[in-house]
Amino acid sequence: MGQPLPDNAAIAASIDDPAEFAAVFHRHFDVVHGYIRKRAGVLLADDLAAQTFLVAFDRRASFDQSWASARPWLLGIATNLIHGKRRQERRQLRAYGRAGAEIGFDPLEGTEARADAERLRPQLATVLAALPKAELDPLLLYAWAELGYAEIAAALEVPVGTVKSRLSRARRRIREQLRLQGATEEQRQIATLEVDHG
Amino acid sequence: MDEIALLRALPPEAEEPDAAARADALRALVASFDGASPAARPFRRRRGTLAALLAGLAAVAAIGAAVLPAGSGPRTELAAAEVLKRAAVVAESSNAAPMRPPAPGQFFYLGAKVVELQGWLPDGPGTGPKGSPRYFTAHIPGEPGARPALVPTTKQFWISRNGDAHTRETLGRIGFLSNEDQELWEQAGSPPPFSFDPAEHTVEQDASGRPFKEFDSSQAAGVFLDKGVFADLSHLPTKPRALRLAVEYPEGGAPSLGSQAAPRPVSRNLDALERLTTILIAPTASPALRAAAFNALAEIPGIELEPGVPDVARRRGDAIAWEVEPGSGFRHELIFDPRTSKVLADAQVLAGAKAADEEGVPVGTVFRETAFLRSGIVDSLDETARR
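These protein sequences, in sequence, are chains F and R. Following this note's numbering, the numbering of the first sequence begins with 1 at its first residue and continues without gaps. Following this note's numbering, the numbering of the second sequence begins with 1 at its first residue and continues without gaps.
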């Protein structure tokens, strides 16, 4: 048995032999499904992940063959499909902030960090749900799909510089919002004293 | 922790997608290779084995055949008889005692997933009993302008010894047969199905935001329970021929076993089929009685086999199927696990063009299906069965 074709070769071959496209499906379905599941919830993940590959197959002739991996391209298609379910996505993002929601702590993180994450979760979820999609998309492709700048640019079909600036804006917005909303009562009192006596 | 670390900690670790979801997605993709159906549709009966679908590229060529309607005729009937006889052996070897009615203070718990084809009107058909537009109508689309939707509900019953039931129903994700239907429904404000309409029922939301309602009633209806969940079946014979006669002539008057029986009318066969499947589902049936029911079914003409059928809970089993009434286009399917003989689901499917045309849906769409999930005796309403 020969080496499996890389994505770009499999996609090129699938123009004449559609069955070649199945290799792309097997290689990336789980990642695409996981990304959609995080953004739009488990109820939509099955359908949108399936649709992602149908759309990709239809558009395979336009795939940029300079990319060896189809992952950014597929995640870009998935992102566009999620845009059509914006309301459900917002609901899912807000749900992460509700008490009792599962949270994916890194077990190596210290207890202080855990406490931070737990305390800031509701505000973070609220900020995320309110971010414009131009900032949310690069942010979640970076944080949840673990794409690099160039890959995000390819996925969203925008210049790398645009990705960097949008990502930077999104991160700054989160930092600002968390500082405003995330402070404990004690921190607010200290801040007030500093202003009063500063 | 910086904001990216916080962000990564926000959602739970993504689980691997369900194997059935992956298989459905692959099947839809492969169908598009041939320019066939462009998208997977929910709750359509699909045939073929999961293993074949997941076998990778080698499976691709086989999938075209897997989505074709099941065959019919003597070969599939013979295959059904063989599978039913094997299921009888499995059933007889079970050491599970038939369930006894719950003791005072205990409950029989049953969890089931039910999917129904319902009709709804994008403009709303008028005014409901409390002055609200009611979008979902009766069980059947039928009405001019009505669109089909598949409404899944998880039903949980806690049934006490005297038959009183506490019921919890949770609405699942409504399935549509086309993207256009889904968009119409969303444009109408995503109206809930009639039975979950807050204007007409007391509906709450669970922790994950799903609508649910709880109520008490004097009987648990909606699944097999209306046929008597605690029925004493110990009087039924455990020899296949005798059992078949007993279910064909429940009012008595059956010909003697040794006599030359006249050809049975179709209606009597159909009645026998329904009663034998009830026995297979009933928790009070003994292993010997279930084995006799499988063997009796193996002798009834017109039953076909559909191997590797998924139920609405995404489990796969072998299905035996027959037409509900000759020429009706409605097909009754009983899906069971051949390894355990346990019935997974009981379904009616639109299998003929006539029925499908009347409902305005494609052939193969589920009309109503009940997938039996867990059942057993529990000590309180807070408890659910483990199996």
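Derived by calculation from the structure, the hints in this document are not laboratory data. One thing to keep in mind: the hints can contain errors.
Said to hold, decoys possible - Quick partial rundown of chain R residues pointing at chain F, CB under 10 angstroms, derived from the structure:
(1) I4
(2) L6
(3) E13
(4) P17
(5) A21
(6) R22
(7) D24
(8) A25
(9) R27
(10) L29
(11) L177
(12) S178
(13) S208
(14) P211
(15) T384
(16) A385
Where is the CB? At the ideal position from N, CA and C, for every residue including glycine.
Each hint, compared with the structure:
1. I4: 5 angstroms, holds
2. L6: Constraint on L6 of chain R satisfied, holds at 6 angstroms.
3. E13: Hint holds; E13 of chain R Cβ to chain F Cβ min 5 angstroms, cut 10 angstroms.
4. P17: 4 angstroms, holds
5. A21: 4 angstroms, holds
6. R22: Check passed: Cβ of R22 of chain R comes within 6 angstroms of chain F, closer than 10 angstroms.
7. D24: 7 angstroms, holds
8. A25: 4 angstroms, holds
9. R27: 9 angstroms, holds
10. L29: 5 angstroms, holds
11. L177: Hint violated; L177 of chain R Cβ to chain F Cβ min 13 angstroms, cut 10 angstroms.
12. S178: 13 angstroms, violated
13. S208: With a minimum Cβ separation of about 7 angstroms from chain F (threshold 10 angstroms), the hint on S208 of chain R holds.
14. P211: Hint violated; P211 of chain R Cβ to chain F Cβ min 13 angstroms, cut 10 angstroms.
15. T384: With Cβ-Cβ at 19 angstroms, over 10 angstroms, it is violated.
16. A385: Violated, because the Cβ-Cβ distance from A385 of chain R to chain F comes to roughly 24 angstroms (cut-off 10 angstroms).
Comparing the model with each earlier hint shows violations of hints 11, 12, 14, 15 and 16; every other hint is respected.
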